[in-house]
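Engineer: Got chain F sorted already, so can you dock chain C onto it with the hints?
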Amino acid sequence: MPVESLLRVESLKKIFSYKTSLGKAKGYIRAVDNISFSVGTNSVFAIVGESGCGKSTVANLILRLLEPTGGQIYFKGQDILIFKRKQIKEFRRSVQIIFQDPFASLDPRMRIIDILSEPLKIHRIASGGSIKEMVVQLLEKVGMDSDSLNKYPHEFSGGQRQRICIARSLTVSPELLIADEPLSALDVSIQAQILNLFQTIKQESAISFIFISHDLKVVRYFSDEVAVMYLGKIVEQAKSEDIFSAPLHPYTQLLIASAPQIKIKKEMRRDKVILPVGSPIHDVQSPLVIPLGCPFHPRCPEKIDICGKKPPEMKESFGRLISCHLA
Amino acid sequence: MSDTLLDVQRLSVLLKAQGSPISLASNVSFDIKRAEVFGLAGESGCGKTLTALSIIRILPQNISSDGTVIFHGKDIFALSEKQMRKVRGRDISMIFQEPMTSLNPVLTIGYQIAESLITHLDIPKKEALKKAIDLLNAVKIPCPQLRIKDYPHQLSGGMRQRAMIAMAIACGPSLLIADEPTTALDVTIQAQILELLKDLRHQGRMAILFITHDLSIISENADRVGIMYAGRIIELASVEELFNNPLHPYTQGLLASLPAQKGMTLKPISGLVPHPALLPKGCKFMERCKVKAKECCDKEPDLIKISENHFVRCMKCQ
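If you read the sequences in order, they're chains F and C. Per the numbering used here, residue 1 is the first one in the first sequence, and the count goes up by one each step. Per the numbering used here, residue 1 is the first one in the second sequence, and the count goes up by one each step.
Next up, chain F with everything else stripped away, as it sits in the complex (with noise of 0.2 Å):
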């Protein structure tokens, strides 16, 4: 790698234990398995999968909320595992987090004023008057004008929460923003109006994004590299337009088929390409069991005989990179 990318993960691992009624332990869940990536500077990273394949895992592990059982972590070539507290603070300036839920992410008890300031003075970045100019300044960057100032989170819609969110984000002005379904609680005309403030933001902030999200129509339309995870493991990673236009691993391909589209004519309506319904294995495996060998295999319409043995290895073609025994 010429140049150092803005965050690199390597061989990232996150393994929980589940316990019985009685506190003894059962079994261990492996959410994160061995997953590498690096994210560019100005670039958008999507991770897209189904529910439960640690998509959102990965989001607290780089944020260090959760600690990693193993594997590394490096921002701009610093390997920020082994940092103490003071230096977390000083990286979570550059790296902020925006979830799923804009209900849940604002205290329902502290005036947008009080929401956007605190991180401005937990960072000593601001003080005084010139506080109050600031939180002012960001609300108008995420389209809200100063009215709001005195206003509780309860006020507000879900879109106008999101922006709230954004702004705080926005405070302590980093260098990668990790969006954790930001979309996926706001109606389509809204969704809109906050995809467009990303692009914004991206483009005048040089900010790089980390973007999770079970929506493709999105994922295609803002990301520039993406990484579909399945049951733990990133089982293809390629550039946004490759992936789309020609999915190589049999579960994107799978979910790039299963995602409804607008069809404008009856006839386009497609046969889809799905697996014959019915069988046991036809559902989203559940992470507690995770098959031998290929953790897809059970739900492949193509698999071999090696692929219930083996678990196949990440292999480079063409500058993309896919996990399975056919490529």
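To be clear, the hints were calculated from the coordinates, so they are not data collected in a lab. Possibly wrong hints are sitting among the right ones.
[As the list claims (entries may be wrong)] Using C-beta positions, here's what the derived DEER-type ranges look like:
{"hint": "1", "chain 1": "C", "residue 1": "T4", "chain 2": "F", "residue 2": "E118", "range": "38 to 46 Å"}
{"hint": "2", "chain 1": "F", "residue 1": "M110", "chain 2": "C", "residue 2": "K125", "range": "32 to 40 Å"}
{"hint": "3", "chain 1": "F", "residue 1": "P108", "chain 2": "C", "residue 2": "H275", "range": "16 to 24 Å"}
{"hint": "4", "chain 1": "F", "residue 1": "Y152", "chain 2": "C", "residue 2": "K316", "range": "34 to 42 Å"}
[As the list claims (entries may be wrong)] In silico PhoX-like links for lysine-lysine, alpha-carbon gap of 25 Å or less:
{"hint": "5", "chain 1": "C", "residue 1": "K316", "chain 2": "C", "residue 2": "K262"}
{"hint": "6", "chain 1": "F", "residue 1": "K303", "chain 2": "C", "residue 2": "K130"}
{"hint": "7", "chain 1": "C", "residue 1": "K262", "chain 2": "F", "residue 2": "K239"}
{"hint": "8", "chain 1": "F", "residue 1": "K141", "chain 2": "C", "residue 2": "K262"}
{"hint": "9", "chain 1": "F", "residue 1": "K84", "chain 2": "F", "residue 2": "K132"}
{"hint": "10", "chain 1": "C", "residue 1": "K267", "chain 2": "F", "residue 2": "K263"}
{"hint": "11", "chain 1": "F", "residue 1": "K217", "chain 2": "C", "residue 2": "K292"}
{"hint": "12", "chain 1": "F", "residue 1": "K217", "chain 2": "C", "residue 2": "K262"}
{"hint": "13", "chain 1": "F", "residue 1": "K141", "chain 2": "F", "residue 2": "K121"}
{"hint": "14", "chain 1": "F", "residue 1": "K202", "chain 2": "C", "residue 2": "K140"}
{"hint": "15", "chain 1": "F", "residue 1": "K315", "chain 2": "F", "residue 2": "K239"}
{"hint": "16", "chain 1": "C", "residue 1": "K267", "chain 2": "F", "residue 2": "K141"}
{"hint": "17", "chain 1": "C", "residue 1": "K262", "chain 2": "F", "residue 2": "K202"}
{"hint": "18", "chain 1": "C", "residue 1": "K267", "chain 2": "C", "residue 2": "K292"}
{"hint": "19", "chain 1": "C", "residue 1": "K294", "chain 2": "C", "residue 2": "K267"}
{"hint": "20", "chain 1": "C", "residue 1": "K33", "chain 2": "C", "residue 2": "K74"}
{"hint": "21", "chain 1": "C", "residue 1": "K16", "chain 2": "C", "residue 2": "K33"}
{"hint": "22", "chain 1": "F", "residue 1": "K121", "chain 2": "F", "residue 2": "K151"}
{"hint": "23", "chain 1": "F", "residue 1": "K151", "chain 2": "F", "residue 2": "K141"}
{"hint": "24", "chain 1": "F", "residue 1": "K239", "chain 2": "F", "residue 2": "K76"}
{"hint": "25", "chain 1": "F", "residue 1": "K151", "chain 2": "F", "residue 2": "K132"}
{"hint": "26", "chain 1": "F", "residue 1": "K217", "chain 2": "C", "residue 2": "K125"}
{"hint": "27", "chain 1": "C", "residue 1": "K290", "chain 2": "F", "residue 2": "K141"}
{"hint": "28", "chain 1": "C", "residue 1": "K281", "chain 2": "C", "residue 2": "K262"}
{"hint": "29", "chain 1": "F", "residue 1": "K13", "chain 2": "F", "residue 2": "K24"}
{"hint": "30", "chain 1": "F", "residue 1": "K263", "chain 2": "C", "residue 2": "K305"}
{"hint": "31", "chain 1": "F", "residue 1": "K76", "chain 2": "F", "residue 2": "K86"}
{"hint": "32", "chain 1": "F", "residue 1": "K13", "chain 2": "F", "residue 2": "K84"}
{"hint": "33", "chain 1": "C", "residue 1": "K86", "chain 2": "F", "residue 2": "K263"}
{"hint": "34", "chain 1": "F", "residue 1": "K89", "chain 2": "F", "residue 2": "K202"}
{"hint": "35", "chain 1": "C", "residue 1": "K299", "chain 2": "C", "residue 2": "K262"}
{"hint": "36", "chain 1": "F", "residue 1": "K263", "chain 2": "C", "residue 2": "K198"}
{"hint": "37", "chain 1": "C", "residue 1": "K140", "chain 2": "C", "residue 2": "K130"}
{"hint": "38", "chain 1": "C", "residue 1": "K262", "chain 2": "F", "residue 2": "K263"}
For every residue, glycine included, the Cβ atom is placed at its ideal position computed from N, Cα and C.
Structural biologist: Below, chain C alone, put in the same frame as chain F:
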């Protein structure tokens, strides 16, 4: 016999509030033909679900509805509660967004499916349970003879929704109301459930009232569609007509909001959905409309027929 299964005329829904009641839906009229899939789409709070709940009369106590709903030639609103109970689950059934909260956690799946057979069709319990196995088979749940003894928490989200569908189709209803049936599910499971509904509809000649916020699901599954905004149907058309020739500025705005080509700036609808108590006097979409004229402020437009299969509530189209 006419082809119309359900005819909803001038349905309005009112929320009892301190002071004057708040109108949550007004003048909603549409019809569903036999074995047709009718989509009702719109953003949250537009009145889609309330319309559905009014049809089977399970609105919360502080909400009342008015208008006429004719189902199979019977006036639903004129039925007594006792008569209505016979309609629900037998002639009209409903599935909801969150299958976990709509199944009873302390009863087995098998019993919950058999219950409607026992109640409505007077089938003895043993036989009803046998039929429950067939139904689970019909919704493609593997090993149904074992699954009928399972409790809801033992099933995955997709399985639960299948079990809900099995309950709903147990008595062979002629209308199934599906309220966001796939919103809580993963995309691959969503595709399976949609496929299942399509199959069942072809087999059972059952009509479906499909409520969703996702226009792409409508475009792939419905025959006709009504777009709702602020408690009104603002455009009603065949699916093909609606997506080829959207006429209402709101429908156009919704379609333009969908992310298309990478890097292109999206054209969202500006502003927010107005609060139901603070709706503008004229056209309810006026404040967010790009092409509004002076007359839009004064009078709310009617739903005007543009062609055989296309109705629009907009001054510009008159």
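Engineer: Confirm or reject each hint.
Structural biologist: Do the hints match the structure? See the list:
no.	hint	result
1	C:T4 to F:E118: 38 to 46 Å	violated, 59 Å
2	F:M110 to C:K125: 32 to 40 Å	violated, 57 Å
3	F:P108 to C:H275: 16 to 24 Å	holds, 20 Å
4	F:Y152 to C:K316: 34 to 42 Å	holds, 39 Å
5	C:K316 to C:K262	violated, 32 Å
6	F:K303 to C:K130	violated, 36 Å
7	C:K262 to F:K239	holds, 13 Å
8	F:K141 to C:K262	holds, 23 Å
9	F:K84 to F:K132	violated, 31 Å
10	C:K267 to F:K263	holds, 20 Å
11	F:K217 to C:K292	violated, 30 Å
12	F:K217 to C:K262	holds, 10 Å
13	F:K141 to F:K121	holds, 20 Å
14	F:K202 to C:K140	violated, 46 Å
15	F:K315 to F:K239	holds, 15 Å
16	C:K267 to F:K141	holds, 18 Å
17	C:K262 to F:K202	holds, 14 Å
18	C:K267 to C:K292	holds, 17 Å
19	C:K294 to C:K267	holds, 24 Å
20	C:K33 to C:K74	holds, 15 Å
21	C:K16 to C:K33	violated, 33 Å
22	F:K121 to F:K151	holds, 20 Å
23	F:K151 to F:K141	holds, 18 Å
24	F:K239 to F:K76	holds, 22 Å
25	F:K151 to F:K132	holds, 14 Å
26	F:K217 to C:K125	violated, 48 Å
27	C:K290 to F:K141	holds, 23 Å
28	C:K281 to C:K262	violated, 39 Å
29	F:K13 to F:K24	holds, 23 Å
30	F:K263 to C:K305	holds, 24 Å
31	F:K76 to F:K86	holds, 17 Å
32	F:K13 to F:K84	holds, 20 Å
33	C:K86 to F:K263	violated, 38 Å
34	F:K89 to F:K202	holds, 23 Å
35	C:K299 to C:K262	violated, 40 Å
36	F:K263 to C:K198	holds, 16 Å
37	C:K140 to C:K130	holds, 16 Å
38	C:K262 to F:K263	holds, 19 Å
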